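*Asks:* Take a look at the letters that make up each chain.
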Amino acid sequence: MKKVYINSVASITPQKTFDNSEFLDEVIIHDNQVVSAVEPVYKDYIPPAAARRMAKGIKMGVVASKIALQEAGLENVDAIITGTGMGCLRDSEKFLSGIIDNNEQFLTPTSFIQSTHNTVGGQIALELQCKGYNFTYVHGSNSFESTLLDAKLQLELNEAENILIGGVDELADHTTKLHELIHHIKKEDITTNTLLGSKTKGSIFGEGANFFVLSNKEQESSYAEVVSVKMYNTLPLNDVVQTTLSFLKENNLTTKDLDAVVLGNNGDVEFDRFYNELTSDIFSNTQQVCYKHLIGEFNTASPFGVWIASKILKTQTLPDILKLNNKGTSSFKHILLYNQYRGENHSFTLLKTC
Amino acid sequence: MEALKQELKENIIEQLNLEDMTVADIADDDMLFGDGLALDSIDALELIVMLDKNYGIKLTDPKEGRTIFESINTMAAYIQEHRSK
Amino acid sequence: MSKGVAITGMGIISAIGNNVAENFQSLVEGKKGISRISKIDTIHKDDIMVGEIAYTNSELEQLLGISSVNNYSRTGLIGALAAKEAVSNAGIKDMNAYKTGLISATSVGGMDMTEKYYYNYLENDTNHRYIESHHAGDSTQKIAEQLGIDKSLVTTISTACSSAANAIMLGARLIKSGQLDRVIVGGSDCMSKFTINGFKTLMILSDTYNTPFDENRKGLNLGEAAAFLVLESDAIIKAENKTVLGYVKGYGNANDAFHQTASSDHGDGATLAMEKALEVANLTVKDIDYINAHGTATGNNDLSEGRAIIRVFGNTPPEFSSTKAYTGHTLAAAGAIEAVYSVLALQNNVIYPNLNFKTQMKEFNITPQLKLKEKKLKTVMSNSFGFGGNCSTVIFSKEQ
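Protein chains in written order, with full-length UniProt numbering: chain A, 1 to 354; chain B, 1 to 85; chain C, 1 to 400.
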């Protein structure tokens, strides 16, 4: 079985993360419950004729894929695997409100086409003229982890050499309103600096695209090795510690071997308990890293965690804004990521320096 | 007729998101599909809805659009003849 | 590494039957399930025909034994029913006896409820519980819960109309690589106003019975359906001495990279998908005894797919037919529906007729199978193609 490497990264989020030469050099302190992506100049990457029908999610996905390919030094890849929780949500809303508001009349196809979940993956294939394997996973907070698992399987068995994977989701007004109604978005104002310590229900919502080239050939640009990824549709609170330990054991590691844990805390008092199980117990002496206070929660926020972990492993630095505790760790070899959303779709991902 | 052509150009630019174009960029006899504006089959469907919504003209077969949407001239002529609003 | 990927159970619900036996009976009797729409109030009701599942939501809830105050979308309800039939057909007593996963597919997800309550949600909180059942992964989570699959690998694929074929493909790969011993794979899509209007804007809905591979085809009929298959490793088959219905022998996915919705004129993606599947199966075109075509009856698909079949098989392909005339196009579920039909074909040595065909297409000389035909079948190929250029082929075989 071949080893699998992250050979390049690309990130568009509510922080300025699309420039790969930086690592959160400047942090935007958001003071809103809904945080939008800091967008690159799309025209620099996509010809206007191609961009004219693209939804924001498609633009973010296509640009992130181009940045990732460029950094990996590739013209094309063998496969494209995309994760998205909600797809191009704005177009879904536009088409649906059109149906209701105009009593099913005068509807146009563009927003319907964009609402199809695999539209981002399809558009990336069109842009790259990539006729290879093209899958889209749509499983809540495990959408991206599914792409990671799929790519890893193919690369280990040498069925492909380079695979583009990524997660993308966009904010849309009506859906945001609905999530405010059911308190999945916090009622009260909150800032980047206070989110993780909040004691209230819900989180802040964000959007973005995080793409990576995975390969079974290590190269100069490589960030990390993907050692293992595992998903659970459900996991009871009192099983989290044991499951984490077994995951480490399967990879011949103990908690002492970990130099950092990257956690999906989103400031929701109801569900951050899953992370607290670990931080207050087996990881109390480990450097704890969080990131959702910077970019908000969304179904494909977790690949930003992979971006963070990759950057830490490659640069051997850890920006203060990401630290949940301070253990003064200065050398990073193994990083574990754990994420879940509202107690469902849990994932464990293990990365290692190349 | 000239006003209708102007209106069509404005609507096409808006409806089809031709952000980098202005009305002056589209000549009355420019090919809308193929070599000219390079519109495609999805744009044709958008134009069919435009005919329905703005001029009360219903096309049931997308193939009918091919000759109607050849240029601004052909579109304007067809609308002039068939419009119900 | 497991060599074989055995199919040990199947479940289905569609416009032509509420279970596997009813579906098979309709197939051999040439009984189609296409009618005017009855369960959704749409202004297009006189312009379209659809394949609806007979049960109402409350009947489905009763069959599943869930309270009427729930937050299942219809996609979740029909999916759970079909998946339960598959699990029971496979004779699974203890779900946790082996490493088991669930891979489902959907394109509609919970849109049926979202379109019902979209503005109502803002006015009162009576139906707020459905807000979280909108996203595509939710129906899969519900199906997992109904099957008692917990702490497991569960995911959802959405690649438009090839989705369920891709779920089967992923499931087979997870077993071959040893990640799982057993995986339940399939797809579910219910009817919704959203999809009806979406396909309407593309002007590819027929106002009458769909006629796959016919020169005068007018477009597709939408259908709703769910189907699941239980895939198990060689080790389980051996340990439990299980009856095997068939095997997933090969699979391939490729992208047409041509257009957002339309297939390329010569079916590049479809050709690649069929070739890849043959390669994985280690078979040649001569080994394929029947092709269950995608055959949606749109002008574009049938021409592109027909040409791709000729590119792969030459001018004398094996018998082929589309079963869309029976069920309508069931979108993300289609690949699983037709997987069940392919396995039934293998088990019973029959080829289903391509209903409603009258006139030969003028672009090529291949003609679908028009009458029910008995033929010794060893290997069946099934095609599923979707928007975004997504092309998938799965090959099923009687023997390993």
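If you are wondering where the hints come from, they were derived from the structure by calculation, not from laboratory data. Remember, predicted model here, so these are calculated numbers, not experimental data. Careful: at least some of the hints might be erroneous.
[What the hints assert, rightly or not] When the alpha-carbon atoms are kept at most 27 Å apart in a straight line, the in silico DSS-like pairs for lysine-lysine are as follows:
hint : chain 1 : residue 1 : chain 2 : residue 2
1    : C       : Lys218    : B       : Lys58
2    : B       : Lys63     : C       : Lys99
3    : A       : Lys3      : C       : Lys3
4    : A       : Lys249    : C       : Lys99
5    : B       : Lys85     : B       : Lys58
*Asks:* Give a verdict on every hint.
*Replies:* Consistency of the hints with the structure:
1. About 17 Å separates the Cα atoms of Lys218 (chain C) and Lys58 (chain B), which keeps this hinted pair within 27 Å; it holds.
2. Of the pairs offered as hints, the one joining Lys63 (chain B) and Lys99 (chain C) is violated, with about 53 Å between alpha carbons and a cut-off of 27 Å exceeded.
3. Taking the CA atoms of Lys3 (chain A) and Lys3 (chain C), the gap is about 22 Å. The hint holds against a cut of 27 Å.
4. For the hint linking Lys249 (chain A) to Lys99 (chain C), the alpha-carbon distance of about 18 Å falls within 27 Å, and the restraint holds.
5. Pair hint Lys85 (chain B) plus Lys58 (chain B) holds up; C-alpha atoms about 12 Å apart against a cutoff of 27 Å.
Violated hints amount to a single one, hint 2; each of the other numbered hints is respected by the structure.
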